[in-house]
Amino acid sequence: MTTIKETNRTMKTTKMLAAACLLAVMPMGVATVLAAAPKTAPETPLTDTGNALEKKYAAMLKALEEDVTRALPKIEGAQQAAFLKAYEAEAAATTADRNAMHAQNKSKDKAEAAKAGASAKEALARALANAQAPAQAVLAQLNPFLTSDKLDARLVKLVVLAEATPRGLAEFAQQGNEQKALLEKLLADAELMKQMVVAAGASGGKYGQAMQIFTDIQKASPRAKDDILQRFALGTSLEHAVPVVQRNAVARTDAPTTVDPVKRYLHYEKAYLAGELDPGFKDLSVWDCRFVGNGDEPDEMLAWGREMLRNYHPDHIQTADYRWRYVEAVKTDVKYGSQDQKNDLPTLGFYQNIINTGGVCGRRAFFGRFILRSFGIPTLARPQPGHATLVHWTPAGWVINLGASWGWGTVVGEADTDFLAMTQARMAEAAYPEVLRAQWAGTALGEKKAAGFGAAATGFWNGVALYRQRAIIEKAKAVTLAAVGTDIGEANESKEKEVVKSVTVSEADKKLVAGPDGVITIPAVACSKPTDSTPKIRFMKSYLGGMQMHYSRMGNAEPFEYTFDVSAAGKYSLSVRVATVSPDQRLLVFANEAKEPIDIAAPYTIGKWDKTPPVEVALVKGKNVLRFTRNEPVKGMAIKDFTLTPVK
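Sequential numbering from 380 applies to the sequence shown in the working numbering.
Think of the hints as simulated: they come from the structure by calculation, not from any bench.
Every residue gets a Cβ at the ideal spot worked out from N, C-alpha and C, and that includes glycine.
Errors might be hidden in some of the hints.
[What the hints assert, rightly or not] Lysine-lysine pairs mimicking DSS-like chemistry, simulated, CA-CA at most 25 Å apart:
id, residue 1, residue 2
1, K828, K915
2, K642, K434
3, K434, K721
4, K974, K890
5, K915, K950
6, K485, K564
7, K1000, K890
8, K564, K604
9, K464, K827
10, K1014, K908
11, K559, K500
12, K564, K598
13, K1027, K950
14, K876, K974
15, K529, K453
16, K604, K559
17, K661, K649
18, K529, K489
19, K908, K880
20, K721, K908
[As the list claims (entries may be wrong)] Ranges of calculated distance between the beta carbons of each label pair, as one might list FRET restraints:
id, residue 1, residue 2, range
21, P635, K950, 47 to 55 Å
22, P774, E886, 34 to 42 Å
23, T448, G555, 28 to 36 Å
24, G1001, D633, 53 to 61 Å
25, Q554, A497, 26 to 34 Å
26, P774, K604, 22 to 30 Å
27, A599, P976, 51 to 59 Å
28, P635, V882, 40 to 48 Å
The task is simple: from the sequences and hints, build the whole structure.
So this is what it looks like as structure tokens:
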């Protein structure tokens, strides 16, 4: 757990910054995470056909509720009451403990707040101990039901009908025979309904719309019927059942206002088949997939994100550290501060502007989630008081970036610790349906779904679900990943000492190439100074082949130079192949003993590779030295190579 001192350091924000950060925590296209819940929306008037359909679906739901209620195992009244009492006490104590922890950060009387915090922890420990016996007794008695799939077909159909509501289904089905047939097909497909509700259901309870999207995707691509692509198609369909508003470049007034879910699926299918997505993408569940394809960025912006990072900072793709993979771009290249946002360009996409002009916590969290989604990594907003952060998937579990530890934030309106517990239980894929069966039973009996112990107790069966979930987590010995990037959540540079890894540059990677026409190509990593990576200058593998250099925006300016031989003295035209994400950048080059540098203007490439306009340098026969430097303040620049062409 983060200490109060640590949290104070990471949460010092002005009211203005807090407001700016909070603008970024609104979820995009995320109608459901822990469980599906219908959203309030204007009702569509029902036609005569619609009224008849509503009655049909209502009768179907009522019959299932009665059937399932009869089939559910019964718990003796006193035992059930003892269980509910323990569950309610633990839920209340969990909330009180969380509130006390947060109060310690705000209170002026630290000693009194610490005392209250300790008291709350003691009360929670007592509640946990008191709940153990009644919870274990109930779970043991219900084990045959929880571990059996005998009722699943009826349960999942009931959940679909309840979450969609008979009226909602009728509104969709009355549109025509096609829509009516789609719902009939869905309600007859127990396996598909189970896949849907295991993945937390359709956004806003819009199962008809989800089925329409899923059908359209499978018509558009035969590959959407198997393995990860089927799961991604379904996750996309569930998430886009409520349309996701698209964030376009300001100048793109003719662009679509919402994301096209079929095109979104096809974009990721193409990227997956081309090997552009993270290797972990193939293992994602339907639920995971929801939080990959649900971004507000246009599809072409996702493609740009991958291309930009491959060119500009390939080491962020290649790192073995999943906690920072891709999202480290926020740490290295999204400047903290809002002073330059006035320079956002209307022709650029929102995320292109962020890496150019920076931002406070909100924009940085936005960019972090964007670049993760670009490579197929599930991610969600995770606001905490006065600050915007993010959480994202890793093979070892979900991790927080740019914020305080678990317990300080929320995920889609629920305590982040409840979200964490749910994700840990979901990793036990074979056992997790036991949690869901209890939740589904609660739905049959009209209980409100409980996100976790951090929410108010809602009913017997939802309590059963939470205690079963805890047992699964404990049996799996789930590991909770610590937050990373806490100290840069509201800072431009980390105070943590970074260990710069030594990079071996082979002779082949730094070999100069001299063509028959006298043109010389010098790889950027063929430096005579420095000969290894430094905090400012990093050598890394390049997606163009060979290696490349990255000149960081962080730290003090550092010169770098190249020593090489030429066979013919004279003037040479020098150009540099660079990738930049910010404009107004320059390199200064001193040729041999020159007293004054030559200024090289670097193009604003928006993450693509391009060459600088050529400048002339004078070289001597034999040994030459080109020394490069930059004037502060500098921005990040990727350099692939230098080309020297004899001037005729």
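Right, here's what the structure says about each hint:
Note on K828 and K915: the hinted pairing is violated, with a Cα-Cα distance of about 51 Å set against a maximum of 25 Å. With a CA separation close to 36 Å, the supplied pair K642 and K434 exceeds the 25 Å bound. This hinted pair does not check out: K434 and K721 have alpha carbons roughly 56 Å apart, beyond 25 Å. The hinted pair formed by K974 and K890 fails the criterion: a straight-line CA distance of about 28 Å is larger than 25 Å.
With a C-alpha separation of about 31 Å, the suggested pairing of K915 with K950 is violated against the 25 Å cut-off. Restraint check for K485 and K564: the C-alpha separation of about 54 Å exceeds 25 Å, so the hint is violated. Taking the CA atoms of K1000 and K890, the gap is near 19 Å; set against the 25 Å cutoff, the hint holds. At most 25 Å may separate the alpha-carbon atoms for a hinted pair to count; K564 and K604 meet this at roughly 16 Å.
Taken as a hint, the K464 and K827 pair is honoured in the structure, with Cα atoms around 17 Å apart against an allowance of 25 Å. Between K1014 and K908 the alpha-carbon distance is near 21 Å, which keeps this suggested pair within the 25 Å criterion. Proximity of K559 to K500 is assessed by CA-CA distance (about 54 Å); at most 25 Å being required, the pair is judged violated. Restraint check for K564 and K598: satisfied, since their Cα atoms lie roughly 15 Å apart, inside the 25 Å limit.
Restraint check: the Cα-Cα separation between K1027 and K950 comes to about 8 Å, which is no more than 25 Å; the hinted pair holds. Under the criterion of a C-alpha separation no larger than 25 Å, the hint pairing K876 with K974 is inconsistent with the structure, at around 36 Å. Between K529 and K453 the alpha-carbon distance is near 16 Å, which keeps this suggested pair within the 25 Å criterion. Restraint check for K604 and K559: satisfied, since their Cα atoms lie roughly 22 Å apart, inside the 25 Å limit.
Pair hint K661 plus K649 holds up; C-alpha atoms about 13 Å apart against a cutoff of 25 Å. With a C-alpha separation of about 55 Å, the suggested pairing of K529 with K489 is violated against the 25 Å cut-off. For the proposed pair K908 and K880, the alpha carbon gap of about 17 Å is at most 25 Å, so the pair holds. For the suggested pair K721 and K908, the alpha carbons sit about 38 Å apart, so the restraint of at most 25 Å is broken.
At about 52 Å, the beta-carbon gap between P635 and K950 stays in the expected band of 47 to 55 Å. Here the CB-CB span from P774 to E886 is close to 36 Å, well matched to the stated 34 to 42 Å. Between T448 and G555 the C-beta distance comes to about 35 Å, which sits within the given range of 28 to 36 Å. Separation of G1001 from D633 is about 59 Å and conforms to the stated range, judged on CB atoms against 53 to 61 Å.
Distance hint for Q554 and A497: a CB-CB separation of about 59 Å, inconsistent with the stated range 26 to 34 Å. At about 26 Å, the beta-carbon gap between P774 and K604 stays in the expected band of 22 to 30 Å. At about 56 Å, the CB distance of A599 to P976 agrees with the hint of 51 to 59 Å. In this structure the supplied range 40 to 48 Å holds for P635 paired with V882, their Cβ-Cβ distance being about 44 Å.
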